[in-house]
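Following the hints, put chain B in place on chain A, whose structure we already have.
Chains A and B are the protein sequences, given in the same order.
Numbering follows the working numbering, in which position 227 of the first sequence is assigned residue number 227; successive positions increment by one, without gaps.
Numbering follows the working numbering, in which position 13 of the second sequence is assigned residue number 13; successive positions increment by one, without gaps.
Be a bit skeptical, because a hint or two may be false.
Unchecked claim - With beta-carbon atoms standing in for the labels, derived distance ranges:
| # | chain 1 | residue 1 | chain 2 | residue 2 | range |
| --- | --- | --- | --- | --- | --- |
| 1 | B | VAL68 | A | ILE54 | 25 to 31 Å |
| 2 | A | SER193 | B | GLY34 | 52 to 58 Å |
| 3 | B | LYS9 | A | TYR129 | 22 to 28 Å |
Hint data in this document are derived by calculation from the structure and do not stem from the laboratory.
Remember, predicted model here, so these are calculated numbers, not experimental data.
We treat Cβ as the ideally placed atom computed from N, Cα and C, and that holds for glycine.
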Amino acid sequence: MADTVAHAHSAHPPGFAHQFEDIEQQREASTLGMWVFLVTEILFFGGMFASYTIYRSLHLPAFETGSRLLEVKFGAINTAVLICSSLTMVLAIRAAQVGKGKAQIAFYLILTMILGATFLGLKLRFEWYHDYIEHIVPGFGFEYRPEWGSLAPQVQMFMCFYFFMTGLHALHMVAGIGVLSVLTIMAARNRFSAEYYAPLDISGLYWHFVDIVWIFLFPLLYLIGGRYAIGGGH
Amino acid sequence: MAEHVVPLKTYIGVFLSLMALTALTTGVAYIDLGALNTVAALTIAVVKMLLVVLYFMHARYATGLTRVVIIAGFFWLGILITFALSDELTRNWEIVPQAWGAIIASLRAPVDGCPKWHGR
Numbered sequence: 001m002a003d004t005v006a007h008a009h010s011a012h013p014p015g016f017a018h019q020f021e022d023i024e025q026q027r028e029a030s031t032l033g034m035w036v037f038l039v040t041e042i043l044f045f046g047g048m049f050a051s052y053t054i055y056r057s058l059h060l061p062a063f064e065t066g067s068r069l070l071e072v073k074f075g076a077i078n079t080a081v082l083i084c085s086s087l088t089m090v091l092a093i094r095a096a097q098v099g100k101g102k103a104q105i106a107f108y109l110i111l112t113m114i115l116g117a118t119f120l121g122l123k124l125r126f127e128w129y130h131d132y133i134e135h136i137v138p139g140f141g142f143e144y145r146p147e148w149g150s151l152a153p154q155v156q157m158f159m160c161f162y163f164f165m166t167g168l169h170a171l172h173m174v175a176g177i178g179v180l181s182v183l184t185i186m187a188a189r190n191r192f193s194a195e196y197y198a199p200l201d202i203s204g205l206y207w208h209f210v211d212i213v214w215i216f217l218f219p220l221l222y223l224i225g226g227r228y229a230i231g232g233g234h
Numbered sequence: 001m002a003e004h005v006v007p008l009k010t011y012i013g014v015f016l017s018l019m020a021l022t023a024l025t026t027g028v029a030y031i032d033l034g035a036l037n038t039v040a041a042l043t044i045a046v047v048k049m050l051l052v053v054l055y056f057m058h059a060r061y062a063t064g065l066t067r068v069v070i071i072a073g074f075f076w077l078g079i080l081i082t083f084a085l086s087d088e089l090t091r092n093w094e095i096v097p098q099a100w101g102a103i104i105a106s107l108r109a110p111v112d113g114c115p116k117w118h119g120r
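Next comes chain A alone, as it looks inside the complex (with noise of 0.2 Å):
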């Protein structure tokens, strides 16, 4: 018994923690492990979803209305950068997977940072400024439009689905980030090896997931507010 634990231990890849019968094993209960947190992020997520789709069917005239304040071809780019980063973020985990350097796995995980920080600096820049200049942002100088009529309140009602919606998802994307940094780091010190990635693998699930967010978040709060009626932004 002595023995086999020494002969383990001796041959045994980096990254591989000594509780676990094989690095198999270690892999399962890594993405296990994430999995089970995401879940509870889609209940968390799922809480928002299932208050607004509630408050959508009460107020639907209002939340169109809401709807049409927001810019699709801002919602439209940012779906795209999000999904642009999915693939980095995969390729960064095949680049070790399949045992390429250090310099590959770097490369992906920083265009995947870019590409975060892409999707959050439009949001802030072209849609939450603009909206803090157009006075529709709740708690900074919201300003009742007369063209909303009796709707008023639940517009505004809207518009705090709309910024509680997309800032948790923005902190979300700012973790996101956090996490990559430091897998950016990892993967300079060559931490990591066609046997031992799951820091990059379960990191990328998160990324996955948020991105899985955004694909929820983009036809509940640009689209599906009858824009045919009126063909554009605003």
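Okay, now just chain B, sitting in the frame of chain A:
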């Protein structure tokens, strides 16, 4: 298993599909389909989600245990939304909807001197 290395071709294919679906969902939003606009937008979003979960998140290659956890997550989300909506959307239901009044009256009317139905 997580070990499975997905071919580059698959990743590029999934990426291009996601881009095409994004263009499609944006375009469809400008066509008046009535209630179907919401259905189309959400259907495309679900297809995009499945592509990301199955290929980018490797659920297709995951073990049974991991798959059960993933499915359980979405199942619980379904419970959250279904039960919340089944409460909220049925709160203003009338005990006997007005539109049924005429039907009930006609059923109560005697046919050949014999009441057909004695509904309360």
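Do the beta carbons of SER193/A and GLY34/B sit within 52 to 58 Å of each other?
-> Holds - the Cβ-Cβ distance for SER193/A and GLY34/B, about 55 Å, lies within 52 to 58 Å.
Just tell me: holds or violated, for the beta carbon distance of VAL68/B and ILE54/A against 25 to 31 Å?
-> 29 Å, holds
Supplied distance hint 22 to 28 Å, evaluated on CB atoms of LYS9/B and TYR129/A = This hint is violated: roughly 41 Å between Cβ atoms.
Checked against the numbered hints given earlier, the structure breaks only hint 3 and satisfies all the rest.
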